[in-house]
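From first to last, the protein sequence lines stand for chains A and B.
Sequential numbering from 140 applies to the first sequence in our numbering.
Sequential numbering from 140 applies to the second sequence in our numbering.
Treat the hints with care, since some could be wrong.
Pairs count within a copy or across copies, as identical chains cannot be separated in the list.
Below are the DSS-like pairs computed for lysine-lysine, each with C-alpha atoms no more than 27 Å apart in a straight line [claimed, not checked]:
(1) 390 to 320
(2) 196 to 469
(3) 253 to 226
(4) 237 to 390
(5) 161 to 273
(6) 237 to 226
(7) 436 to 196
(8) 395 to 320
(9) 469 to 524
(10) 242 to 253
(11) 436 to 469
(12) 476 to 193
Treat the hints as calculated values from the structure; they're not laboratory data.
2 protein chains.
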Amino acid sequence: MGKAITARNEDYSQWYNDLILKSELADYSAVRGCMIIKPYGYALWENMRDALDKMFKDTGHVNAYFPLFVPKSLFEAEEQNAEGFAKECAVVTHYRLKSDPDKKGKLIVDEEAKLEEELIVRPTSEAIIWNTYKNWIQSYRDLPILINQWANVVRWEMRTRLFLRTAEFLWQEGHTAHATKEEALFEARQMLDVYADFVENFMAVPVIKGSKTPNERFAGAEDTLCIEALMQDGKALQAGTSHFLGQNFAKAFDVKFSDKNNKLEYVWATSWGVSTRLIGALVMAHSDDDGLILPPKIAPHQVVIVPIYKNDEQRAAIAHKVNEITASLKQLGIRVKYDDSDNARPGWKFAEYEMKGVPVRIAIGPKDLENNTAEIARRDTKEKKTISLDNIMGEVIYLLTDIQSNIFNKAKKHLDDHITRVNTWEEFVDVLENKTGFVSAHWDGTGETEEKIKELTKATIRCIPFDAEQEEGVCVLTGKPSKQRVLFAKAY
Amino acid sequence: MGKAITARNEDYSQWYNDLILKSELADYSAVRGCMIIKPYGYALWENMRDALDKMFKDTGHVNAYFPLFVPKSLFEAEEQNAEGFAKECAVVTHYRLKSDPDKKGKLIVDEEAKLEEELIVRPTSEAIIWNTYKNWIQSYRDLPILINQWANVVRWEMRTRLFLRTAEFLWQEGHTAHATKEEALFEARQMLDVYADFVENFMAVPVIKGSKTPNERFAGAEDTLCIEALMQDGKALQAGTSHFLGQNFAKAFDVKFSDKNNKLEYVWATSWGVSTRLIGALVMAHSDDDGLILPPKIAPHQVVIVPIYKNDEQRAAIAHKVNEITASLKQLGIRVKYDDSDNARPGWKFAEYEMKGVPVRIAIGPKDLENNTAEIARRDTKEKKTISLDNIMGEVIYLLTDIQSNIFNKAKKHLDDHITRVNTWEEFVDVLENKTGFVSAHWDGTGETEEKIKELTKATIRCIPFDAEQEEGVCVLTGKPSKQRVLFAKAY
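Chain A with its partners taken away, still in its complex shape (with noise of 0.2 Å):
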């Protein structure tokens, strides 16, 4: 494993850093912003974008696939609606490169190439859909349409972090278009409890869901539906978004149609999505100085198999149980990977599938194999016992399934732990620097108290929660009249 990670406690941005790439989830890039999603990585979002998947396609909705760019006046009739994604986007100008006269095997671009109209790399595809939804609905009879994308996508940030915030990132992006408000208000509530069920039961963090406020809301969204979720260190991380949009784009892109008594009206959409960001949130709320905590439902590998042998007699023999074993699992569906390869110790193994988060770790050496036994270790607690091979299978289903809850059970002890009501600035401020995490607060409903919160404390009210209560109270900051407490943290 070479040497170790730095600890959460000593430097916990650093910390994670460390993590993404010896856990070989990422890598850097020769592109300034954009990461290598590694085989590792990449298997753990296949598990993720599967389950999702599978979750949007029982409630309705089916894939396709739109282009990657958008052409600039399209991109326009977006703006128009409300400034978006212009400061932060890649830009097409050219289709052609061409040898450099004046160097030898340098290329430059070829001016005689240029674009009539500048092409601008989605950074989200709204624009490019609406466009196209305007020549497939005419009537009501073409409603709903319920159709998500799995795609790249480029937003062109000047501060990037491995999956937290990457240039170029990969993610899934929903776009509904229906005959009417309230079908659409469904549809918006309906795809965040779909995120909010995936990234509790899959994922095993929890979250709150709520509402957010008009300043953070998505340009052109009417409402703007969230989960929040709660990092290690009390920051706290948007998880995935649901908006309901109106019928703002319909408006925009001119997308009407003729409902029952053939009148026209506008269509109203929503649009849902979430990223490669995921992992971000999946590494910073279980992980700890030793390596990644995986959930189950989703970890590449959920059980590891080391054999200790000491010459090839005893490796074969440990082998032929193995493959038992590992048959047996597989048929009850279960992720499991032997790992006999010769150019690394036993010790040596264990760390670096502790590192990768491998929730079940089986060793098992000359004397198991006489004594019917193997050592099986948990990931998330480290208890480690042994066992008789005669109860492996029933050993391996009870911890998949402990483990699944225990880490989302202490993931949300953190987060009930870390949501302080207060009632004045001076315990509002203490919060948010000493104990972090979500702090619940009066708020006069203004933008302008929300700027100036951010201002003096860089907390944003990440949402409105639904389960909310009406209370009357008066805001943290000026004192004036509130009807609901709304949630204000720190945030990546």
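With the hints as your guide, set chain B onto chain A.
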């Protein structure tokens, strides 16, 4: 369904375009040369991708994701190797737009946000990947690297056609690194065999395996292996390629490893890819004037059930019975759709599902319910018969298997009937003009003759077949001596 599509014998090219649009596989977009893959086309692609992905993983490969952009300097390193894609690439020169001070609501490129180094939207990823492998490979222990990537790529083609040639397309690209030449040669051939297996056994399209001539090789490859398929109009289509890259990319990007004797060696490489172009091949290989004919193994819907009813009571009674049937079919893993939508008559639905190429159609009316029967129809031969509902599982399974092999056999006969051995130039020209298909002919082995034949006939050497027997002969054009026949054809 609205109007039907152009007949094949009237205008093959127009038939193809009509069919793609009418069957809702794809649509044109607002971006020059880029298409939209519609939900039905994307579901087909998902099935193809999933089958291929499993084959890649079964042969030891893992997926990863590399950046969309290639810095110009890396692109140069590759281009020095052999002139490749510089003439047809999208170039990102800026990272920001700004409001046009002269025209309200317009955006212009912000010249202050010019990139120091231009970024090329990847036309293929050898450059960015080999630049990365350099950091990942030190010793023979780091080898082999067996990575595949599912991604979008962009090539600025001047003449585009839906699926067959688009500026942006989806594909997979395998990029492997090996310690020995033998291992890389084995890999290149193994992956060609995987492609042939997939195209023949899933897509039901027979192929010829062979090597490209030096003229037709991928830039930078020492050998390009390919599978060639034949379309119904007698034109060939390259369905997949697998390249043995020798040490060319390792040299261009300085990727060395220390072998077991601690000696530094350049790494050996392969790359291999298939793309959404395969969907074009699939359409052109099997379909007819009534629409698509899809192989059951990859069809989005394998079975469609259409109820025939006159009132809600009948509709409910049929639905009750059909729910049992669909549940049983789904339990067998069969993809079945029940279309009891109220907005079209059965005849219209029949035509629609013929257009969409659904392999098996089942119709059930009130009389069928009384008699415990259904009408079952196969898309390929259009045969239909009445069956007992007691036998419906067996009938469906039989038909899905039989249709898969029947359309393969039909395409295989067409291919076999269109490989013509010729010995003279007159025969050569005559077959190309009239009979079409592949022409098996002697060639003197020079690039000049190959070029000349292309000029004269538009036919190219599709491949030097692996199974070609050694045979003395003379070149059809020059009369010079030749030792084996190669396959010529006009091609997509």
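Against the structure, the hints come out as follows:
1. Proximity of residue 390 and residue 320 under a CA criterion of 27 Å is satisfied intra-copy only: 14 Å inside one chain copy versus 60 Å between copies.
2. Proximity of residue 196 to residue 469 under the C-alpha cut-off of 27 Å is found in both arrangements, the shortest distances being 26 Å within a copy and 15 Å between copies.
3. Taking the shortest Cα distances, residue 253 and residue 226 sit within 27 Å of each other both inside one copy (22 Å) and across copies (13 Å).
4. When the C-alpha separation of residue 237 and residue 390 is checked against a cutoff of 27 Å, the pair qualifies only between copies, where the shortest distance is 23 Å, while the shortest distance within a copy is 42 Å.
5. In this homomeric assembly, residue 161 and residue 273 come within 27 Å of each other (Cα to Cα) only across copies, at 18 Å, whereas the closest approach inside a single copy is 48 Å.
6. Taking the shortest Cα distances, residue 237 and residue 226 sit within 27 Å of each other only across copies (7 Å), while inside one copy they are farther apart (29 Å).
7. In this homomeric assembly, residue 436 and residue 196 come within 27 Å of each other (Cα to Cα) both inside a single copy, at 19 Å, and across copies, at 20 Å.
8. Taking the shortest alpha-carbon separations for residue 395 and residue 320, only the intra-copy value of 14 Å comes in at or below 27 Å, while the best inter-copy value is 61 Å.
9. With identical chains, the CA atoms of residue 469 and residue 524 are at most 27 Å apart within one copy only, with a shortest distance of 23 Å there and 42 Å across copies.
10. Both within a single protomer and between protomers do residue 242 and residue 253 lie at most 27 Å apart by alpha-carbon distance, with minima of 22 Å and 22 Å respectively.
11. With identical chains, the CA atoms of residue 436 and residue 469 are at most 27 Å apart both within one copy (14 Å) and between copies (24 Å).
12. For a Cα distance limit of 27 Å, the shortest separation of residue 476 from residue 193 qualifies both inside one copy, at 25 Å, and across copies, at 17 Å.
In this structure, every one of the numbered hints holds.
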